[in-house]
Amino acid sequence: MIYASILAAGAAEKDDKRTLPRPYTLLGNKPILIHTLEQFAISSKIDKIIIVANSDWVVYTQELVKKSIPFAKEIHVIRGGENKNRSISMAAKYIEETWGVTEEDILLNHDAIRPFISQRIIEDNIEAGKRYSVANTVMPTVDTIVISEDKQTADSIPPKSRMYSEQTPQTFQLKQFLDTYYSLPEEVFEKENDSVRFMLNHGHEVYLVAGDYSNIKIVTAFDVEVANAFLRRMEHDK
Amino acid sequence: MINKIVRLVGVKQFDVYYEELPLSSDKLVIRPEYLSICAADLRYYTGQRNREALKKKLPLSLIHEATGTVLYDPLGRLEAGSKVVMIPNTYSSESDFIKGNYQKNSCFRSSDIDGFMQDYVLCDYDRVIPLRKGEVDEIYVLSELISTSVNAVSNSILHMQGACRRIGIWGDGNLGFTTMITVRSLLPDAEIIIFGHNVRKSLNFIMADKVYNTENIPSDMELDCAFECVGGVNSVHAIRQSIELVRPQGCISLLGVSEEPVPIDTRQVLSKGLSLLGNSRSERCDFETAIGIIREHDEFKTYLGTIISERKKVKMISDIYYAFEHAQINDFKTIMKWEM
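Chains A and B, in that order, give the protein sequences. When the letters of the first sequence are read in order and numbered with the numbering used here, they come out as residues 1 to 238. When the letters of the second sequence are read in order and numbered with the numbering used here, they come out as residues 1001 to 1340.
Calculated directly from the structure, the hints in this document are not laboratory data. Incorrect hints may have been included.
Claimed, not checked - If you anchor each label on the Cβ, the simulated ranges turn out as follows:
#1 1053(B) <-> 228(A): 30 to 38 Å
#2 1158(B) <-> 228(A): 53 to 61 Å
#3 1055(B) <-> 225(A): 49 to 57 Å
#4 203(A) <-> 1292(B): 56 to 64 Å
Quick reminder that beta carbons are idealized off the backbone N, C-alpha and C, glycines included.
Let's have the full structure, built from the sequences with the hints guiding it.
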């Protein structure tokens, strides 16, 4: 079974409280979350979808999905955790409790606020998930990365050719993920906010899937403007 | 939902556009799968269309020969995952006298409206032809090309009231090839003669009865009808030769597109009472016949595979450039597997 979890819980905390949380902000004519969800819901390769929402927004999300998605796809909305790692583990445990987990099960985890995800990236993650216990969507960094411990002076500047920016989906073979999660004390997991790093640090090889520079994360008001400009561009050009 | 569209914005220059695709209550959502590059696409890509046409039409998504996978049918007529051939023309009015592809309001993909280089395509139900379960769909990407041959051959048969025993085809490219297959299928007893100029490409026309170089045509040659599948500046010679070789009251079907007006020896056309038929775009009935030719004849289906010169998986824009550059030098078709 191929599952997708759409992670919509974390971003709600980061946003300006005067506006809707970012996943529910309009992009064009629809909330960002719905644009993202549609890309997974229309894929014939994804069997079930779990939306991980902020606890206050679970009912809202359920209603929104009911009104917006016409595709006959099983979509569940669950309460998320305080960070992405926690939300992914909650989605994984929800799947285990609801349907059980087999060696073949794969979970793609995608930020709700990356609506420009393409079918190519989804399909490459599924293929990678069949062969590797962990796959991470990345792109070569555009900017050079500077590492600083004290936040004032540079400790090192690694060669850009070895640096990648992390996007999503992050993909896991579910059984491997849950076995690793259950084999360690809870506090080990608590210290991590990135599930891929958690798996990497505990002995799993992480395969890199090519993302796309257009697979942007819409976090700030500026990002919303940029994303809307993508969609508006057509009206200007045609 | 957000749709990613790859458009040609200038000569040899593609760009990605994002557009909200409004789901409708009756249109199918289809993900393109196999896309075949046509000479018309290359004329846009290489800037051979005149400047005014380029200015008017670009930015434009190219490709009008495609198969796809149904992702969503709001009325449940086709299952998700069904494979289809997509028909590139649409029209909104009906006429008893004019076929849909020649209606004034007819729109053609990759010319009047965006072609198939997109994540998703919205299609009316009558603009797709479902393939059967288990059919390998790569070869069906040639359906559109074959359908144009079907349109031309059917019109010629109709016009000649079946009196087409010896048929000449000018052109040793893709269209000449599919026209040969179509004639062989619709007129199994006809004698087919190919007139080409490229020895290497002409070797592929093994199903023809004879292949002649256009420089060495026997002087006593006489044909019932001819198909000009050359296009461009060389169509001048092909049309001149066909006027000379077709018997009185025979017909010549013109399929090749030329950017410039082509001179025609009207004195000879008039003295022989020849009919010149313009045959380019095809309609649903021609697609159905074309798909039947592939589906019902294993030998044609296998033989058609010989004109796929190159297959290219397309995941990035750079793969599209690769495919279009190679399409210019490949002898026959360049097919893209769309995985953007």
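Worksheet item: Which of the stated hints cannot be reconciled with the structure, identified by number in ascending sequence?
Response: 3
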